[in-house]
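A.B. asks: Sequence:
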Amino acid sequence: MLRISDEITIEDWELTEQFMRASGPGGQNVNKVASAVELRFEAARSPALSAPVKARLKRLAGRRWTKDGAIIIQCDETRSQARNRDLARDRLAELIRKSLVAPKRRIKTKPTYGSQQRRLKAKKERGEVKAMRGKVGRDD
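Letter by letter, the sequence shown follows residues 213 to 352 of the working numbering.
For the record, the hints were derived by calculation from the structure and aren't laboratory data.
In silico DSSO-like links for lysine-lysine, alpha-carbon gap of 30 Å or less:
1. LYS320 with LYS336
2. LYS322 with LYS335
3. LYS279 with LYS266
4. LYS266 with LYS316
5. LYS266 with LYS310
6. LYS335 with LYS347
7. LYS310 with LYS270
8. LYS316 with LYS279
9. LYS336 with LYS347
10. LYS316 with LYS270
11. LYS270 with LYS320
12. LYS310 with LYS279
13. LYS320 with LYS266
14. LYS320 with LYS335
15. LYS336 with LYS322
16. LYS322 with LYS333
17. LYS320 with LYS333
18. LYS333 with LYS347
19. LYS320 with LYS310
Please construct the entire structure, taking both the sequences and the accompanying hints into account.
C.D. replies: Printed below as a string of structure tokens:
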């Protein structure tokens, strides 16, 4: 069981762990020990999460969200299988915590009259500077 907050806990049946050999340097150990972990969370079927939370979670997960509604998190940072497992679970919990917070609605604001006048004045001055850059005519 994975505790996310006081109200939300993820049951063990929703999580699937698969261990594999890690890529990259590590000597002979990397060829023998399956220390990397792939954590799969069935987010779409989870009864612990509400529909808006699932929608935000899908957006935050990005490429980690599969077509069948699961989140896949891979971790091969350390040489220890147990440590990688804990790191993957922590990443999943942090991702779900971020999706619990609803974003604040943007409030439309109107520019002030003074700021509009300053902008127009600056545009006019800039146009005058550019107009003075033309070829100099001969006044005979």
